[in-house]
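*Asks:* Protein chains in written order, with my numbering: chain A, 215 to 360; chain F, 215 to 360; chain W, 215 to 360; chain E, 215 to 360.
These are computed hints drawn from the structure, not numbers from a lab.
Straight line, CA to CA, 27 Å or less: simulated BS3-like cross-link-like pairs of lysine-lysine:
{"hint": "1", "chain 1": "F", "residue 1": "Lys265", "chain 2": "A", "residue 2": "Lys265"}
{"hint": "2", "chain 1": "F", "residue 1": "Lys328", "chain 2": "E", "residue 2": "Lys346"}
{"hint": "3", "chain 1": "A", "residue 1": "Lys346", "chain 2": "W", "residue 2": "Lys328"}
{"hint": "4", "chain 1": "W", "residue 1": "Lys265", "chain 2": "E", "residue 2": "Lys265"}
{"hint": "5", "chain 1": "E", "residue 1": "Lys265", "chain 2": "E", "residue 2": "Lys346"}
{"hint": "6", "chain 1": "W", "residue 1": "Lys346", "chain 2": "A", "residue 2": "Lys328"}
{"hint": "7", "chain 1": "E", "residue 1": "Lys328", "chain 2": "F", "residue 2": "Lys346"}
{"hint": "8", "chain 1": "A", "residue 1": "Lys328", "chain 2": "E", "residue 2": "Lys328"}
{"hint": "9", "chain 1": "F", "residue 1": "Lys328", "chain 2": "W", "residue 2": "Lys328"}
{"hint": "10", "chain 1": "A", "residue 1": "Lys346", "chain 2": "A", "residue 2": "Lys265"}
Number of protein chains: 4
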Amino acid sequence: MTVPTLTEPTDPAILLERIRQINTLAAFNRWAGISVMHATEGEVAIELPWKSELGQYSGFLHAGLIGALIDTVCGFAAATVAGRVLASHFSVNCLAPAVGERFTARGRVTRAGKRQIFTTAELFAHQGAEQKLVANGETLLMRAVE
Amino acid sequence: MTVPTLTEPTDPAILLERIRQINTLAAFNRWAGISVMHATEGEVAIELPWKSELGQYSGFLHAGLIGALIDTVCGFAAATVAGRVLASHFSVNCLAPAVGERFTARGRVTRAGKRQIFTTAELFAHQGAEQKLVANGETLLMRAVE
Amino acid sequence: MTVPTLTEPTDPAILLERIRQINTLAAFNRWAGISVMHATEGEVAIELPWKSELGQYSGFLHAGLIGALIDTVCGFAAATVAGRVLASHFSVNCLAPAVGERFTARGRVTRAGKRQIFTTAELFAHQGAEQKLVANGETLLMRAVE
Amino acid sequence: MTVPTLTEPTDPAILLERIRQINTLAAFNRWAGISVMHATEGEVAIELPWKSELGQYSGFLHAGLIGALIDTVCGFAAATVAGRVLASHFSVNCLAPAVGERFTARGRVTRAGKRQIFTTAELFAHQGAEQKLVANGETLLMRAVE
Numbered sequence: 215m216t217v218p219t220l221t222e223p224t225d226p227a228i229l230l231e232r233i234r235q236i237n238t239l240a241a242f243n244r245w246a247g248i249s250v251m252h253a254t255e256g257e258v259a260i261e262l263p264w265k266s267e268l269g270q271y272s273g274f275l276h277a278g279l280i281g282a283l284i285d286t287v288c289g290f291a292a293a294t295v296a297g298r299v300l301a302s303h304f305s306v307n308c309l310a311p312a313v314g315e316r317f318t319a320r321g322r323v324t325r326a327g328k329r330q331i332f333t334t335a336e337l338f339a340h341q342g343a344e345q346k347l348v349a350n351g352e353t354l355l356m357r358a359v360e
Numbered sequence: 215m216t217v218p219t220l221t222e223p224t225d226p227a228i229l230l231e232r233i234r235q236i237n238t239l240a241a242f243n244r245w246a247g248i249s250v251m252h253a254t255e256g257e258v259a260i261e262l263p264w265k266s267e268l269g270q271y272s273g274f275l276h277a278g279l280i281g282a283l284i285d286t287v288c289g290f291a292a293a294t295v296a297g298r299v300l301a302s303h304f305s306v307n308c309l310a311p312a313v314g315e316r317f318t319a320r321g322r323v324t325r326a327g328k329r330q331i332f333t334t335a336e337l338f339a340h341q342g343a344e345q346k347l348v349a350n351g352e353t354l355l356m357r358a359v360e
Numbered sequence: 215m216t217v218p219t220l221t222e223p224t225d226p227a228i229l230l231e232r233i234r235q236i237n238t239l240a241a242f243n244r245w246a247g248i249s250v251m252h253a254t255e256g257e258v259a260i261e262l263p264w265k266s267e268l269g270q271y272s273g274f275l276h277a278g279l280i281g282a283l284i285d286t287v288c289g290f291a292a293a294t295v296a297g298r299v300l301a302s303h304f305s306v307n308c309l310a311p312a313v314g315e316r317f318t319a320r321g322r323v324t325r326a327g328k329r330q331i332f333t334t335a336e337l338f339a340h341q342g343a344e345q346k347l348v349a350n351g352e353t354l355l356m357r358a359v360e
Numbered sequence: 215m216t217v218p219t220l221t222e223p224t225d226p227a228i229l230l231e232r233i234r235q236i237n238t239l240a241a242f243n244r245w246a247g248i249s250v251m252h253a254t255e256g257e258v259a260i261e262l263p264w265k266s267e268l269g270q271y272s273g274f275l276h277a278g279l280i281g282a283l284i285d286t287v288c289g290f291a292a293a294t295v296a297g298r299v300l301a302s303h304f305s306v307n308c309l310a311p312a313v314g315e316r317f318t319a320r321g322r323v324t325r326a327g328k329r330q331i332f333t334t335a336e337l338f339a340h341q342g343a344e345q346k347l348v349a350n351g352e353t354l355l356m357r358a359v360e
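Go ahead and model the full structure; you've got the sequences and the hints to work with.
*Replies:* If you want it as structure tokens, here you go:
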């Protein structure tokens with residue numbers, strides 16, 4: 215993913231606010247209903263309530279949405295440390311059927327280099343008070359060149 | 215992805231018709247506007263016209279949609295040889311900005327084993343008569359156990 | 215990787231001994247000098263002292279060895295919970311130059327399903343008392359069918 | 215992998231000679247017995263004769279060697295178009311047991327960008343006149359910064 219510049223984020227409240235602004239800039243994120251729950255330096259959490267348009271053949275969350283959540287939360291985590299970034303590569307493991315009334319994804323930066331940011335993420339399905347790990351994945355991003 | 219059973223597909227017209235039926239069963243595919251252009255044993259092509267709800271921050275195709283197209287076309291290609299399948303792992307390389315008036319993805323089976331199906335796909339952006347490779351990727355699927 | 219059967223491992227000392235036996239069965243592991251440091255259910259650690267034949271162009275650990283360590287430790291971790299397994303897919307992130315007097319890899323099972331085992335691993339370079347994360351990766355394995 | 219600089223390769227014979235020089239610089243490649251068969255702009259082929267030290271538990275080619283061949287041939291293919299490169303990420307699909315009297319890997323550049331080079335490779339096992347696809351994979355490399 216591509217995200218606008220974040221310059222010198224220090225105040226946690228400002229950082230969260232900026233990631234939320236970035237999220238609302240993406241038309242697909244607005245349509246899907248993705249919201250940002252948490253953002254600190256190198257770690258972000260997002261949430262997506264279930265709706266039927268998000269489903270595949272069996273009515274589970276579509277793999278495209280699983281990928282979208284993992285790529286999005288990884289990109290946000292990278293943005294908290296590196297500002298504008300672009301995804302080069304991402305991968306997803308489908309660990310269990312993605313069924314739930316809402317989904318949360320947590321992403322974090324594994325390593326932030328001069329040019330590349332390595333990130334990883336986990337996706338959970340929630341049903342009432344129950345939480346289940348349904349996917350994990352990773353995204354390799356490049357710092358954008360101005 | 216998970217797709218319903220295809221049993222002994224032989225007639226090409228029937229095979230294409232079945233993959234089209236599977237496609238219409240997925241609510242997300244209907245919302246996004248994915249259609250099936252081509253389906254033979256081991257090879258499928260799909261198409262997605264651009265609309266603004268599919269975009270990310272810069273107005274390019276969202277990485278989630280790039281992943282959705284690659285996973286979908288790989289799953290369809292696997293379904294032409296293996297019937298009901300489930301994706302275990304998929305990965306995407308973002309080769310160039312995904313900008314265009316429509317997108318096409320071509321997937322094919324690399325190897326169909328007794329339990330696993332390996333597939334690969336390419337995603338093209340189209341603008342008028344021009345076509346550009348913007349992403350590639352792969353999906354590893356399991357044959358569904360009845 | 216492919217490993218021989220482990221049946222109902224319960225005693226930790228027996229489990230460690232069995233993983234060590236598997237390790238010595240692999241000619242390449244013996245040549246490279248890989249040893250098993252730790253093995254509990256779902257988690258294994260291995261070690262490799264540096265020698266010049268393990269190097270690439272710059273004298274760092276060759277990517278093939280980085281992959282070998284990650285695939286090996288993931289396979290051992292899977293073997294502690296699933297007995298005989300075969301790798302389907304593995305991937306490696308090269309986070310930093312792999313330079314050190316010895317290397318350790320830690321692998322663990324993320325999810326053990328009926329047919330598939332998902333694992334993840336980290337590779338550290340050691341120089342004296344210093345330890346540095348130089349790579350991470352993952353392996354998707356199938357339970358072997360008897 | 216990391217490879218030394220190639221500057222403006224034009225003459226095919228010189229290009230092949232340069233890739234062969236790079237190959238002999240890697241101690242592990244010399245130990246394993248990897249040789250370069252073919253090198254043109256964006257495409258390289260390498261060969262590895264079987265010997266027992268290359269084996270895993272069942273006497274098949276060790277996954278580390280499968281990864282080494284794929285990463286090496288991808289790095290060489292990238293070097294023909296981009297000079298000095300460093301691998302960021304590589305992945306391998308194990309399609310069939312890697313058994314044979316020799317192995318060949320063919321790598322090619324999918325896209326060479328300003329900073330990143332995307333490559334893909336296939337690995338074949340040979341027994342007499344028979345050839346079998348046993349693995350495929352990909353490597354994402356960065357152009358080295360001087």
